[in-house]
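A.B. asks: Protein chains in written order, with this note's numbering: chain U, 1 to 520; chain Z, 521 to 1573.
Mixed in with the good hints, there may be bad ones.
[What the hints assert, rightly or not] Stretch-level coverage of chain U by chain Z, calculated; a stretch enters the list once three of its residues show a Cβ under 8 Å from a Cβ in chain Z:
| id | stretch |
| --- | --- |
| 1 | 93-106 |
| 2 | 193-199 |
| 3 | 450-456 |
[Said to hold, decoys possible] Among the chain Z residues that face chain U by a calculated CB cut under 8 Å, a handful are:
| id | residue |
| --- | --- |
| 4 | Thr818 |
| 5 | Pro1109 |
| 6 | Asn1151 |
| 7 | Asp1152 |
| 8 | Leu1212 |
| 9 | Ser1266 |
| 10 | Gln1327 |
[Unchecked claim] Dumping the calculated BS3-like pairs for lysine-lysine here, alpha-carbon to alpha-carbon at most 30 Å:
| id | chain 1 | residue 1 | chain 2 | residue 2 |
| --- | --- | --- | --- | --- |
| 11 | Z | Lys645 | Z | Lys912 |
| 12 | U | Lys339 | Z | Lys645 |
| 13 | U | Lys519 | Z | Lys1376 |
| 14 | Z | Lys578 | Z | Lys560 |
| 15 | U | Lys44 | Z | Lys1113 |
| 16 | Z | Lys1107 | U | Lys195 |
| 17 | U | Lys432 | U | Lys235 |
| 18 | Z | Lys1107 | U | Lys44 |
| 19 | Z | Lys1227 | U | Lys26 |
| 20 | Z | Lys968 | U | Lys308 |
| 21 | Z | Lys1466 | Z | Lys815 |
| 22 | Z | Lys846 | U | Lys308 |
Worth flagging that the hints you see were computed from the coordinates, not collected in a lab. In this text, all values refer to a predicted model and were calculated from it rather than measured experimentally. Just so you know, even glycine gets a beta-carbon here, dropped at the ideal spot from N, CA and C.
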Amino acid sequence: MRLLKKNIYIAAILLSVMVVASSCTKNFSEINTNPTAVTSMNTKYLLPNTELHIAGTRYETWRMDLIYLDEWSQQLAGTGWGADRYQYSDSYSSAYWNTAYDNYVKPLQNIIHILRADSAANTNKLAVAKIWRAFVFQRITDVWGDVPYTQAGKGLWTHDYKPTFNTQKSIYMSIINQLEEANKMFNPNQPTYGKADLMFQGDITKWKKFDNSLLMNAGLRLSKVDPTLAEKVVKKAYQNGVMTSNNDIAYIAHPGGPDGINKSGIGQVFQDFGVTGHDFRCSNTLINRLVKFHDPRLFIYSGVYTDKGQNVTPSKPDSMMGLRNGLTSADLTNLNTYKYAQPNRDIMVTYSAPTIFVSYAEVCFDEAEAAHRGWIQGSADTYYNNGIQAAMKQLTLYNSTKAVISDNAISSYEQDPYVDLNSTSTYDSNPKDPVLDKIITQKWLACFLNGYEAYDNWRRTGYPMLTPGASQGQTNGQIPRRVRYPEELQTLNQTNYQQAVSDLNGGDLMTSRVWWDVKK
Amino acid sequence: MNIKVTVFMKKKIKQFMMLLILMVCITPILKAQELSIKGKVTDSQSGDPLPGVNIVVKGTTIGTATNANGKYTLSVPQSADSLVYSYIGYARKVIAINGRSVINMKLQPASIQSKGVVVTAFGIKRNSRNLGYSVQTVSGNKLSKVPSSNLGADLEGKVAGVQISTTSSGVAGASRVVIRGNSSISGNNQPLYVVDGVPINDNTYNAASQWGGYDFGDGLNGLNPQNIQSISVLTGASATALYGSSAANGVVLITTKKGRHNKRIGVTFNSNVQFNTPAIYPKFQNTYGHGSEGKVPTTLSNVIANGAGSWGPKMQGQQVLFWNGKTRAMTPQPNNVKNFYRTGSDLNNNIALSGGTKNSTYRLDISQENNQGITPATSFKVNNFNLRVTSKLSDHLSADAKVNYIKTEGKNRPELSDNPGNPALDWSAMPRDIVTSNLLPVTDSQGKARDFSNDIFRINPYWGLYKNTETDYKDRLIGYAKLTYNFTPWLSIFGRAGTDYYTFNINQLQATNTPYYLPGSLNKQDIVQRDNNYDLILTADHKLGANFSNHLILGLHRENQSTTTMQWYASNFAIPNFNDVSNAATKAPSDSKIQKVINSAFGSYQIGYKDFAFLEVTGRNDWSSTLPLKNDSYFYPSVSGSFIFTDALHIKSKILNFGKIRASWAEVGNDTQPYMLGVQYALNGSSQAGQLLGNMTTGTIPPTDLKPERKKSIEFGADLDFFQNRIGLKMTYYKNNTTNQILQTSIDPSTGFGSAMVNAGNIQNKGFDATLQLTPIIQTGNFNWDMTVNFNKNVNKVISLYPGITQYTIAPTRAFATIVARPGETYGDIIGYGYKRDPQGQIIFDSQGYPEASSKLENLGHYPASWTGGITNDFSYKQFTLSALISISQGGSIYSLTQDEMNLFGTSVQSLKGRAAWYKHSGGYVGNGVVNEGSASNPKYVKNTKATDPQQYWNAMFNRGIVEPFIYSASYIKLQEVSLTYTLPHRFISALQPLSISGASISLVGRNLLFLENHLPNADPSAYAYNNGNGQGFSYGALPSTRTYGFDVNIKF
């Protein structure tokens, strides 16, 4: 009996302890809250981080801009990269896909999502995010063609894990629309990002000029596929007011450290691995033009370095050599690749080199092209020469002492027959449109190391006229017209991927063409 | 450091030799006075006399057998203190002589199956015959003879249904233990480890990924095998139901030794010395040297520019220019990789003191391990101090406490996988005519790397070990305190608080001038890990009347885990080679704290009828802090039963002497990682132009309504003993389904996220386990042979994933293949491009003679084995015991990126084909297949005859990312462990009385001695991986596994 009592007593204690234990879940949400993170954030911290990411980190800049696009547009030639031999590498394609959507599109979408809650006071900030979004998507769609757009970067809110692909056509229509919309949203009476906007420090005027310059560029991109629309968009952009000087250049300055995010992505590729590690040389397509045009940028753009990193740049321009594109390992065996020019390590590819998104020079060449096509008023030649001057002068952004080009040097360059728009001499043999050839070649030169723009212009206009490298690769020796989709889309977003592939003429190949790149 | 070790080792060898000489010399000259003992041996149940019973004086070979009437007479030396009675089918009995001259003995019929008690949940001992599920036990001495640095690895081949693999990390790496197949798609698939009833932490930190990293081991490194009494492996879900969420993948229960009542201090000394040599490394060609296209470049910069790869001319002693600027004869260096490695050594010393009084016991274990790896400069040291004390405080109250302090120190662990500091990666590209010693010194006079090539991703193999140094220190405390109150002999309650607490300090350096990161960097991490467990458990074990037994457990449990990490990443050293955070231009500190609490209440009740029928039910409710509040409580039950039909039906057969059938059904719930439920933002520690930078740190889309994961299992089995226990067989059929999985499913990155967390999926594992124990020949006085065979066949199927998601990425490899789960297929499929084939299945080559890749990614195999097994043989003859373990794994595939790269670089044997012909312009590599001479729409396939340059052929293969030719069978059979032990005879021990030695043995041991089957051309198929995660089945830059041989000395005082 005593034992029974005791047992009941114990059972009662146990039961009560159990009840207490099970109710001990009150602080669970506190336990499950990360003490080293917050659950919401002011966009003044998100925007500068996003801008630096859009400028490109080493990872995706190396793989997409340098390895694919700069080699295909023959600014650079590779001593080892398969892309220069027209071989496809999925990891490069997915590097840009993943980074662009994760580090550019998602944060922009997030900023837009946060700002919409209080949109009147956020109108300027929202416009900035929209412009960035348009800029980023133009690059993304130009690389692949049809890509997720409407649903992209929104997985957190929509829980749609298989975004549909929008056609490139609809993306361009939307970009044009969004840029026009953003332009109207700026209101001087409302707050701006101020210094948190690392590009323009909240300067509304500059943002509007950037917006219109992007619009003009997007319009021109359609010159082959839809000249009527292209003309309309270019006109409108021009009327709204594009960049007018090098003060308007859309670029991010990199202090060069201390952290990776503070360094130029391109600079990191060339500096982190030293002279032997990057495997790039300047293409002979580039160096020959710089030399033959007597271009004062030759020694600013390029230099010659030994495998120990010693600068052995010859003083005579004629001694500078660029490497041919598409050399095989057989070609390279007994070739001393250190004889060939590399991007200038003290100016162009330092940790503190700026990342230029759109320069005033590019805008001038766009205006020159538009004037040449008769779409806007003014003389193509004037715009063109403005572009050359701007392109030469903008180099001080890279180095204010070593990259200074005198006005005399510029004016004598402008008179070089290969440069002068009024001269009938052309470097390329028998271009269909010698004037456009010169304009686009100058734009290509101004966009050194901006493979996105250089490659897009070549695809659209065929200028400068490029000879494919010797390797057959996977394109039968043709310069690729696009990048293949990342492989994982075949399984992660199968139906939409297949739809996008079936819309491509020729399938998911490097030789298939994107919508605006119609064969002409 | 090395010198000291050598001296120490020499000393050890000397001591060992002395002992050996003593044993051999003294044994025959021993003499002693004798006395005579007689008696009768009978069956304890029937009282029948037993003929042929073996009787041996303990510790000697002196013995006899009973006659037909069960009687015996034996002369024993005066020093003899006890007799050992053994008889097939009966429990062995040891009895003290105590000066008696007549000893009658009753022997108890025994069964292999009912032998002994097993340790089950919470360290509660249960009689194994009562259990309705399978528990397998490995005794401590099966683990300590041939120890590796990881206890998980020591279990390989010893337990049915457990697949074990290790990493290729050189020294003290982690192990991967998977019980009855992978059941979680994205979560951990490894079991819970419990030491003396208290769970320990088995985390791996900073495991290597496809981009590189280290293997810092897991929670099992540093545990002292000498201190282990036994290990029970709970394979079925019923057994694990009581351990809750963390036990969903099974439980490994480790029971350590404790002191025993003894009049004097028992001292055991154990010394184990093992030497390691590389066992398996790639098959290299030794015909062609450095250069490209069959030529050696003529200038030094071109020699270096083409320095990675062995595509030069035939090595025929011709004078050519080498990477170091010297011109010398070009000759093969077949041992240049072997010469890089050294003979590793692993010294384990352990001393244990134990004893006790009537009311208290103690045991103190002190051990030291000094492991010098086969890669230069690599070492791993362990100091382990373990104190266990038990005390009976009153008639009702007793206490039990343990303190285990483990200090480990890793030095210069090799970089793994794709990090160019990984020496194995560098070998794959290094020309076959490089002399290893020429690679030293690593740096030139300016402190820059001396490299055979300017390929910064394939560098001087010494760089990673001599320049990019690594150190790690772990100070760990595992312990508990337990108080038990016994109300009555059948009712008790205990409370226990246990902890596994450690600090782990990691320092990884990339030296200034590291070719792949010239500015240099330092990564320092301080991790503090706490795992606290508290439980309060009531147990009742009571008979109701003569026929019914009752066993009840009621308990409460709270588990509190936290990991805090402080990390410094510092780069760009101002003063070269001053490797301190203060010297770095860039410093990025970051910290994190991860915490989790689980509260539980549980119970189990077992009713037994007449000791032959048992039924058990369990139930557990968990409350986990990681789940949404409304779903944070989850309950799961189990039911199991066993029926000993030989007892119930009174079967008395000479063939079948014990038979039990059992069945169980169980469910286990599971939670997830902390902080998965909401979006998180953080400032990233950097700034620009005075602006702080922040971002959303959540990379996985949080779930909308997360529910706990469920694993349901059923198992049926039988335990049978035949021929008077000469054959024991345990068989189990099981099936388990894990549903509602908490899954981080990969999603199209265009969503902005790499993954989303969802409740989805169903993985099924079904299979069959068996353990067979055999005594193949009837015991004679001196010879004994025991054999244990275990076997598991597992069939895994991914039944479903998240709707519409056709693939879950388990792990990406560095290139070309992915390890995935796809609905309808096996977990761990290897996906990549195959060859493009014509309708007849012939490989299609393009017009250049290179193979074309399939148009779609193909399923090229899967990594899990379809069956595994182990065969252990123990032979004993007089004082000698020989044990050998063969482990077997059959089925499954491995993708070797190493082979693909070795072909690319021309260093593999496979790269030889076609070379001689190509350089002589008489042919080349001709792919076996067809070429399309028609059009794409109207193909006409004819035999391919195009001769290609082999260098370009493998280059094309690599660049096209074709995976198919590099998939190998993962099947293997290996002689895993061998030990030969000599136990000192009793006479000798008596002669050593002044030294008070009570027992001694020495053993020769070996591990990983021989592969009887292996298909992988360049690595060990059981240790190819660089981490112990779910993504297995691909080999890249694997360091050689080691072959171990050595000896073990054990002396008891």
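A.B. asks: Does each hint fit the structure? Answer for all of them.
C.D. replies: Evaluation of the provided hints:
{"no.": "1", "hint": "93-106", "verdict": "holds (count 7)"}
{"no.": "2", "hint": "193-199", "verdict": "holds (count 3)"}
{"no.": "3", "hint": "450-456", "verdict": "violated (count 0)"}
{"no.": "4", "hint": "Thr818", "verdict": "7 Å, holds"}
{"no.": "5", "hint": "Pro1109", "verdict": "11 Å, violated"}
{"no.": "6", "hint": "Asn1151", "verdict": "11 Å, violated"}
{"no.": "7", "hint": "Asp1152", "verdict": "6 Å, holds"}
{"no.": "8", "hint": "Leu1212", "verdict": "5 Å, holds"}
{"no.": "9", "hint": "Ser1266", "verdict": "6 Å, holds"}
{"no.": "10", "hint": "Gln1327", "verdict": "4 Å, holds"}
{"no.": "11", "hint": "Lys645/Z to Lys912/Z", "verdict": "19 Å, holds"}
{"no.": "12", "hint": "Lys339/U to Lys645/Z", "verdict": "78 Å, violated"}
{"no.": "13", "hint": "Lys519/U to Lys1376/Z", "verdict": "27 Å, holds"}
{"no.": "14", "hint": "Lys578/Z to Lys560/Z", "verdict": "18 Å, holds"}
{"no.": "15", "hint": "Lys44/U to Lys1113/Z", "verdict": "26 Å, holds"}
{"no.": "16", "hint": "Lys1107/Z to Lys195/U", "verdict": "24 Å, holds"}
{"no.": "17", "hint": "Lys432/U to Lys235/U", "verdict": "25 Å, holds"}
{"no.": "18", "hint": "Lys1107/Z to Lys44/U", "verdict": "23 Å, holds"}
{"no.": "19", "hint": "Lys1227/Z to Lys26/U", "verdict": "18 Å, holds"}
{"no.": "20", "hint": "Lys968/Z to Lys308/U", "verdict": "10 Å, holds"}
{"no.": "21", "hint": "Lys1466/Z to Lys815/Z", "verdict": "23 Å, holds"}
{"no.": "22", "hint": "Lys846/Z to Lys308/U", "verdict": "18 Å, holds"}
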